[in-house]
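Colleague: Let the sequences and hints guide you as you build the complete structure.
Protein chains in written order, with the numbering used here: chain R, 16 to 185; chain Z, 20 to 297.
These aren't lab readings, by the way, just hints derived from the structure by calculation. Built from N, CA and C at the ideal position, the CB exists for glycine as well. Honestly, I wouldn't trust all of these hints.
Unchecked claim - Taking beta-carbon pairs under 7 Å as the criterion, some of the chain Z residues facing chain R (in silico):
1) V43
2) T155
3) D159
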Amino acid sequence: MTADARFRVPLVILTALIVDMSVLSRVRVAGTMADLMLLLAVAAGITGGPSRGAVVGFTAGIAVDLFLQTPFGLSALVFSIVGYGVGTAESGILRASWWIPVLTAFVASAAGELAFAVIGSVVGDSQLLTGRLWLIIFIAASMNALLAPLTVRTMAWAFDRDPTRRGYVV
Amino acid sequence: MAVYRRSRRHRFLLVLLVLSSITVITLDFRGQSGGLLDSVRNSARDAFAPVQSAADRVFNPVGDFFGGVTRYGSLKAENARLRDQLSEARGESLRQAGAERELENLRALQDLAFAPGMAAESARVVSTGPSNFQLTVTIDKGSDQKVDKGMPVVTGAGLVGRVVDVSRSRATVTLVTDRSSNVGIRFQSSGSLAIARGAGAGRPLPVDLVDVNTPVAPGEAVVTSGLQDSVFPPDIPVGRVRASKVQAGALSQDVTIDPVVDFTRIEFVKVLLWKGQP
Numbered sequence: 016m017t018a019d020a021r022f023r024v025p026l027v028i029l030t031a032l033i034v035d036m037s038v039l040s041r042v043r044v045a046g047t048m049a050d051l052m053l054l055l056a057v058a059a060g061i062t063g064g065p066s067r068g069a070v071v072g073f074t075a076g077i078a079v080d081l082f083l084q085t086p087f088g089l090s091a092l093v094f095s096i097v098g099y100g101v102g103t104a105e106s107g108i109l110r111a112s113w114w115i116p117v118l119t120a121f122v123a124s125a126a127g128e129l130a131f132a133v134i135g136s137v138v139g140d141s142q143l144l145t146g147r148l149w150l151i152i153f154i155a156a157s158m159n160a161l162l163a164p165l166t167v168r169t170m171a172w173a174f175d176r177d178p179t180r181r182g183y184v185v
Numbered sequence: 020m021a022v023y024r025r026s027r028r029h030r031f032l033l034v035l036l037v038l039s040s041i042t043v044i045t046l047d048f049r050g051q052s053g054g055l056l057d058s059v060r061n062s063a064r065d066a067f068a069p070v071q072s073a074a075d076r077v078f079n080p081v082g083d084f085f086g087g088v089t090r091y092g093s094l095k096a097e098n099a100r101l102r103d104q105l106s107e108a109r110g111e112s113l114r115q116a117g118a119e120r121e122l123e124n125l126r127a128l129q130d131l132a133f134a135p136g137m138a139a140e141s142a143r144v145v146s147t148g149p150s151n152f153q154l155t156v157t158i159d160k161g162s163d164q165k166v167d168k169g170m171p172v173v174t175g176a177g178l179v180g181r182v183v184d185v186s187r188s189r190a191t192v193t194l195v196t197d198r199s200s201n202v203g204i205r206f207q208s209s210g211s212l213a214i215a216r217g218a219g220a221g222r223p224l225p226v227d228l229v230d231v232n233t234p235v236a237p238g239e240a241v242v243t244s245g246l247q248d249s250v251f252p253p254d255i256p257v258g259r260v261r262a263s264k265v266q267a268g269a270l271s272q273d274v275t276i277d278p279v280v281d282f283t284r285i286e287f288v289k290v291l292l293w294k295g296q297p
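Modeller: Have a look at this one:
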């Protein structure tokens, strides 16, 4: 990580947290919002690989956990696993087209929301497994897919990487 | 070999982070309140408060805009309906001016308005919780203004929810529509008691424990019951009965309630400084 990245990554996470809480929480479709902090983990996995995906996921998760009533640390747990998973899956791709990050964001976000609800109910928050879970997952994942190109670019900038190098041209 | 070692390092890091998360979750469960995590969380919320307020002022129109876009169809219908109601209301308002004065006098006489003489703190809703699973709002008053956990939150229309978390300058309110919410209620006409549960955003509240023989009419007003040790004081409006149905052979009725408060557009609320039965 360069000195620039050390400064930029926290900046991006903080900005994303503000955007998440003040803008995205108002833009709800059927009561569901995009999960930008989860998307950060996905984007970090795509651009930076498994370790960076996991670390950014953990940090973003802790940050959003501060403002949630769900068990503290739950988002951190889920997001770091998602970031790691995306980083591992993406490392095999050498030349990717624009839709790869979008599809990745959709699938990974859906998996993340599901894992959040399942692990959350395992650790005692029984309210998470609702009948509307599939709808929530679908809407949140779609909104994240829409936000993916911009977020991946931002993350590439934060890691001080050339976004065209690994093929995630978006 | 190098690749293998690198992936092992990645995996080690992941395990480390997962274990840290689990530790944090465990600590959160064990230290119920007043623990280290609580104070970290509360300081973060306080530190974030000014940023949140500023962002809220700037982005409030964004939410209104999107709210308008996604609900265009219903807004149009609502507009037509409101015009209709307006013309009706114009005619009636003349007639009601007298009745209103009478009612006001009666109220003053009998103190019928809900939460009579109860200390309250007005607050502004600064954000909705950034969650897809829980329905909470954050208000701009906290323990500095004597707001405390468990206090009921209302608007002029009726019950909003209750305070579940409080830092020095902010409090988090769980809405009655949240799935963790339970409200002890009383049907206005029959006086029978029941419990209304939250069922998620924009959904009516299902009611448990309504006896088959209780007459429940659609449109009937429902208020908080305020029984001994209840979490809400009595007689705060909760909603109106939307529908009731008795299934053959069932021991209780299926009743649903439409909340009186429109949760998609609450801006100002009042926290009743009330903590359990006196």
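Colleague: Hints first: check each against the structure and report whether it holds.
Modeller: To see whether the hints hold, each was checked on the structure:
{"no.": "1", "hint": "V43", "result": "holds (3 Å)"}
{"no.": "2", "hint": "T155", "result": "holds (6 Å)"}
{"no.": "3", "hint": "D159", "result": "violated (14 Å)"}
Hint check: a violation occurs at hint 3 only; the rest are consistent with the structure.
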